[in-house]
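There are 4 protein chains.
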Amino acid sequence: MHGEVSLTPERQAFYESLTPANLAPLWAVLKGMMPPEPKSKAVPFRWSYESVRPMLLKAGELLTAEEAERRVLVLENPSFQGMSRTTSTLYAGLQLILPGETAPAHRHTASALRFMIEGEGAFTNVDGERTTMRPGDFVITPNWAWHDHGHEGDQPCIWLDGLDVPIVQFFETIFSGGYDGKSQSVTRAEGDSLARFGSGLLPLDEDGRRYGATSPIFNYPFERTREALVAAAKGGGSDPHLGTTLRYANPVDGGWAMPTISTWMTHLQKGEQTKPMRSTDGIVMCVAEGTGEVKIGETVLTFAPHDVVAIPAWSWRSFKASSDCFLFCFSDRVIHEKLGFFREERS
Amino acid sequence: MHGEVSLTPERQAFYESLTPANLAPLWAVLKGMMPPEPKSKAVPFRWSYESVRPMLLKAGELLTAEEAERRVLVLENPSFQGMSRTTSTLYAGLQLILPGETAPAHRHTASALRFMIEGEGAFTNVDGERTTMRPGDFVITPNWAWHDHGHEGDQPCIWLDGLDVPIVQFFETIFSGGYDGKSQSVTRAEGDSLARFGSGLLPLDEDGRRYGATSPIFNYPFERTREALVAAAKGGGSDPHLGTTLRYANPVDGGWAMPTISTWMTHLQKGEQTKPMRSTDGIVMCVAEGTGEVKIGETVLTFAPHDVVAIPAWSWRSFKASSDCFLFCFSDRVIHEKLGFFREERS
Amino acid sequence: MHGEVSLTPERQAFYESLTPANLAPLWAVLKGMMPPEPKSKAVPFRWSYESVRPMLLKAGELLTAEEAERRVLVLENPSFQGMSRTTSTLYAGLQLILPGETAPAHRHTASALRFMIEGEGAFTNVDGERTTMRPGDFVITPNWAWHDHGHEGDQPCIWLDGLDVPIVQFFETIFSGGYDGKSQSVTRAEGDSLARFGSGLLPLDEDGRRYGATSPIFNYPFERTREALVAAAKGGGSDPHLGTTLRYANPVDGGWAMPTISTWMTHLQKGEQTKPMRSTDGIVMCVAEGTGEVKIGETVLTFAPHDVVAIPAWSWRSFKASSDCFLFCFSDRVIHEKLGFFREERS
Amino acid sequence: MHGEVSLTPERQAFYESLTPANLAPLWAVLKGMMPPEPKSKAVPFRWSYESVRPMLLKAGELLTAEEAERRVLVLENPSFQGMSRTTSTLYAGLQLILPGETAPAHRHTASALRFMIEGEGAFTNVDGERTTMRPGDFVITPNWAWHDHGHEGDQPCIWLDGLDVPIVQFFETIFSGGYDGKSQSVTRAEGDSLARFGSGLLPLDEDGRRYGATSPIFNYPFERTREALVAAAKGGGSDPHLGTTLRYANPVDGGWAMPTISTWMTHLQKGEQTKPMRSTDGIVMCVAEGTGEVKIGETVLTFAPHDVVAIPAWSWRSFKASSDCFLFCFSDRVIHEKLGFFREERS
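Chains as they are written, first to last, in our numbering: chain A, 573 to 919; chain B, 573 to 919; chain C, 573 to 919; chain D, 573 to 919.
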C-alpha cells in the first residue's frame, strides 16, 4: 500500500522523544497492521487419541483429582506453547475422570463445552439439573452457571473440553467463584431441559433465558444428532463443501448454542470428499466416528476416532472420508459474525 | 366515563347534515367504542366428536371430493352463524378425506393448520416435501406455500382444520392461486425438514426462512410432543394455571410456529385441576387424548377425545382432567402479542 | 378454481340438519372465501377541509367540550356508514378544541395519533410530559399511556385523529380507564423525550420501552421532518414511485413509530409526478402543505392543504404535485408486515 | 480455590514428556487462568493536549502526508509500549492533516472513528458521500467501506482516531485494500445520510444496512449532540453515576452506532460530581469541552479541553466538573454485551 519512511537523524531524534510521552509514530507500524488478508499464527495440527490417551491415564496415576482440581491435558498449538491455546483464540483439552471422583462445583464467566469421548457413568450438574454424558454428547456449562462433575461408573471417562478462555482473557472479563458445598443440590429431574426446549417445542410461560444468551438445552445427545444427520443426508442431500452439516442451535432464538463458541457436527458418508473452502474462524475438530483425512492448506492430516485437529483461520480445508464420519467441530465463528468479521470463500 | 349528550332540535338538524358529507359525530358513539374491558361476541361451545363424525361421513356419501374441493364441516360459533367463524377471529372445521381421494394443490395467503384426528394413510405435500399425518400430529400449510393432500390408506381420515381466514379477510389481504397440475412433484424425502430443523439443530448454511415467518418444520409429530410433555411433567412439575404446557415453536427464531396462529398442547395428569385464568385471545381446543371438563365463565363443558371447544376471549377458564389428557389448542394470541394487545389474568 | 355444487333434495335436507348443530358446509362458501386477489370494501374519498371546517366550528357552538368529551367529526368512508371507519381497518376524525378547553385524562388500548392542522396553543400530555402541538406535528398517544389535551391559545385548534379502533374491536381487546384527576401532573420538562430519543442518540441507561412497542418520541415536529425531507430530496434524489418519502421510526428498534399504525410523510416537488403503485394496506392521507391530485384506480381526486383522502387497499395510486407538497399518511401496513400479509406492486 | 500441586521427580519427568507432544498440564496454570475478578493490564493515563499538540505539529514538519500515509501519533498505554494499544483492546491516536493534504482512499475490516478536535475545512468521504468535520463531530468509517480524507481549509486540522485494530488482530480477521484512484467519486450530496437516518425518520424503502451492522449515519454533528444533552439535563435530570449521558445509536436497530466500539457523550454541569462506578469495558475519553478531574482507582487525573484519558477495565471511576463539560468516550462495551461479558457495579 505504501512505501517505507526513510530514517533521518532528525526523525530518529523525534521518535526518541515520543516514547517517554507514551506516543508512537503510526507510520512506522501501519504497514504490518493492515495486511491485505489474514495469516493465522496457529498451525494445523492433529493430536492422535491413541498417543494422548496413555499420557492422560498416566496423569491419573500421578495426581489425584483433588490435587489437580481438573485433570486435563491442554492441547497446545505448536505456535502457542505455554499459552494454553489450541487455535489462536480457543482452548481445548482432554479431561480424565476416574470412577468415584468428583470435580467440585464452581462457576466462571468463561463458557465451556464438553464433547464426550469415552466411558460410561460420568455426569455433569448444571444449575441444579444433572445430565449423564454418553460418548458423542455435546454438553454446555454456560457462562456463570454453577457446574460440577462426577463419575458413578467403573471405568475411566475421558472427554474433550473446549473453552473461550483466551477470549475472556483478552477482554479482561474473567470472574470466577467456588461453590459453598462440593456439589449442588439437584432441583429438577434429569432430562427436564431437553424435554422443555429440545423437541421443537418451548415452554409457554418462560422465555428460556436461564443462562443468558446460552441455550437452555445443555446436553445435545449424540443419539439424536446422529439420527438427524443421517436423515438429512438421505432427505435433502449433501453439500459439496459442507457435506451434511447441522449446527447446534439455541431454540430460544435460533442462534448458536453458545454466545462465544460455534459448534456443529458434520456427517460424511464413506467415500465422500468435500471441495476446499476457507473461513475466518479457527476450528477445533474432534472425531466422533470414522476415519479419513483433512487437507489444511498444503498439510494433509489423517484422522481416526477421537483424534483432535486444529484448523487455523483462513486456511483452505477439505475432507475425505474413508468410512462414515461424524465430526464434531467448534470455532470462534459466532463472534466473527456478531462483530461483522466473518467471511468465507469456497473453491 | 361520561354522560349522554342530550338531543336538541338544533343538534338533530346538525347531525342530519353530517351524513351526506360522510361525517359522523364521535360523541354519539364514543361510549360504546371504548368499554372498560372486552366482552367477546363469541360464546363457549363444544362440538362433540361423537355427534359430528356421523354427519361428516354422511357428507362423504353425499358429495365427491371433487365436487367439494375440500369436504369440510365448518364449526360455527353460535354467535357467528353464516360467518364461518369458530371464535371471533378464527375458523375451524372438520375435514373428511376418503381412501384414494386427493385435494388438488393450491396456495393462499391464509395460513392453515391441520390437527390429525382419525385414520391412517393421509398425507400432505408442502412445497415439494410430503408428510404422513398420524393422529395427534400438528401439520402446517404456510401462507403462500403450495400444498395438497392425498390418502393412500383404506379407512376414512378426519382432521381438524384451523385457519386465520377471518383475519385475512378483515385486513383484505387474501390472494389465492391453483397449481397447474393436480399435485406437486416431490423434491425432498419425507422427514427432511424435521431432521434439519426439529432436533435442536439447524442447517449451517440456510436461514430456515423457507416459508417467511412460518416454521420450516411443517409436521410436529404427536409421538415427540407427547413424550416431551410427559417428561416435562415429571421433570420440573406442572403449573397451577397451565398444567404442563409446551408451545409449538419456530426453531429459526424461537417464536410461535405460525405468524398468525398460536398453537400449543397442554398435558394434564388424571385428577389434575387448573386454577382459573383468562387472556385476551380466543381459543379453539381439540382433545387429542383424555376426558374431563372445562369451565368457561359460568359454563361447564365436558369433553371426550376429539371434541372441539371454543373458548371466547377474556373469559375465565379452568380445566379438570378425569383421565390423562393431551389438549391441542390454537388461538390468535401471537397477533395480540405482536400488536401489543395481549393480556392475561390469573386467579 | 372449482365449480358449483349442485343442490339435490337430499343435500338440502342435510344442510338443514347442520345449522342447529352449529355446523356449515365449507364447499358452499369456499369460492367467495378465497378470491385470487383483494378487492377492498372501502372506496376512494376526499374530505375537503374547506367544507368540513365550518361544520366542525358549528359543532363547537352546539356542544361544550365537556358534553362531547372529544369534539370530533368522524370521517366515515362511504362504504362504512355508521361504522366509524375511514378505511376498512382504521378510524380518522377531525377534532376541534377551543381556547381554554381541556380533554380529560384517560387511557385505552387503542393507539392514537394526532396530526396537527390549525391553530397555536394546544398541547398534549403523555405520561407526565407535555408537548405543544404545532401545525404539521405528528403526535402519538401510545396504547395504555395516560393522555389529556388542553388549549392555552386564543384561536380554535384543529387536528386529525387517527386510531386503530376497528382493529382493536375486531380482536376484542379494548380496555379503557379514566384518570382520577382531570389532567396528569407534569413530571418531565417539555422536550425531554425528543432530546433523549430523537437526535440519533439514546439514553445509555434506559431501554426506551416506556410505551412498549411504541416510540418513546411522542412528538415528531414538522420543522424537523420538513427539513429532513427537503435535504433528502436534494441529496439523494426522489424515487419514481415514492417521491421522497421518510417514515416515522421508533429509535429503539428502527421499526415503525407505532405498533399498529404505519406513518410516513411524502415530499413532492412542484411538478413532480409519481408512477402508479399499489399495496395491501389501506391509507389515510392528510395534506400538510401543497396542492395537487391523486389518482386512485380510475378516480382522480384533487387536494388542497388539510384535505383528507382515503386510499383503499390494493388500488393503484399515483400523485401529481401542482406545488411543493408535504403529505402525511398513515395505514395498517405495519400489521400486514408483522403478519406476513404485506405486498406491493409497482408499474 | 485450590492448593498448589507439589512437584515430585516423577511428575517433573512426566511434564517434560508432554511438551514435545504439544500437551500441557492444566493444573499447573489453572489458578492464574481463572481469577475471582478482572485486573486490567492497562493503567490509567492522561495525554495532555497541550503537550501532544506541538509534537504532532513537529511531525507535520518532518514528514509529508504522502510519506506517512496517515500522520498519526499513537497514544500508547504505558503498559503496552510498542503494541499500539491505548486500552487493552483499543487503539487511539491523534491525527494531523495540513491544508491541501489528502489521505488516499482505502478500506479495511477494522472499524474507525474520528472525533474532531481542531481546525476547519477537513472532510471525510465515506462510500461516495462527503462530510465536513467540525470540532466535536463524531465520524465513522465503517468496516470495509471506502474512505478518504482531505483538507480544504488553511489551518492544521487535528482529530482523534479510535480503532478496534487490537481486536481485529486478536481474531485474525484483518483484510485491507487500496482504492484504484486516490479519492472516490462523490455520488450523494453532503448531508444526505443525516437527513435520511438522523432525524427520527427512516427511508420507507431501504433497510439502512448500507454498512452492515454500522450506523448509516456516519457523522453525528456536535451541534445536535450538545443541544440534546443540554436539553436532557434540563428536562429529566442527571443520573448520580452517569451525569447526563447519551449514546450514539444506530437508527436502524437502536443498537450502538458501531459493531465493535461503543461511543457516548457525557455532559456534566459546572460543579457536578458523579459517584464511583466500574464496568468491564476499557474506556478512552476525549474532552470536547470543559475542565475537571477524573478519579480512576486511586489515581486522580485533571483534564482540560482535548485531553485524552485511558480508563482501564473494572477500575472505579468518578468525575468532577470544574466547568460545564462535554466528554466523548469510546470503549469495547458493545462486544462485552454481545458476548455476555458485560458487568457494571455502582457505589
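Keep in mind the hints are simulated off the structure, nothing from the lab. Every value quoted in this text rests on a predicted model; they were computed, and no experiment measured them. Yeah, the Cβ is synthetic: ideal placement off N, Cα and C, and Gly gets one too. Keep in mind that the hints are not guaranteed to be accurate.
If you only want the chain D side, here are some residues facing chain C, beta carbon under 7 Å, derived [to be verified]:
#1 Ile746
#2 Gly749
#3 Gly750
#4 Ala761
#5 Arg819
#6 Glu917
From the derived model, a few chain C residues whose C-beta atoms are all more than 12 Å from chain D [what the hints assert, rightly or not]:
#7 Ser787
#8 Thr838
#9 Gly843
We went through each hint and held it up to the structure:
no.: 1; hint: Ile746; in the structure: violated (29 Å)
no.: 2; hint: Gly749; in the structure: violated (26 Å)
no.: 3; hint: Gly750; in the structure: violated (27 Å)
no.: 4; hint: Ala761; in the structure: holds (4 Å)
no.: 5; hint: Arg819; in the structure: holds (5 Å)
no.: 6; hint: Glu917; in the structure: violated (14 Å)
no.: 7; hint: Ser787; in the structure: violated (8 Å)
no.: 8; hint: Thr838; in the structure: violated (8 Å)
no.: 9; hint: Gly843; in the structure: holds (20 Å)
Violated hints, in rising order: 1, 2, 3, 6, 7, 8; the structure is consistent with all others.
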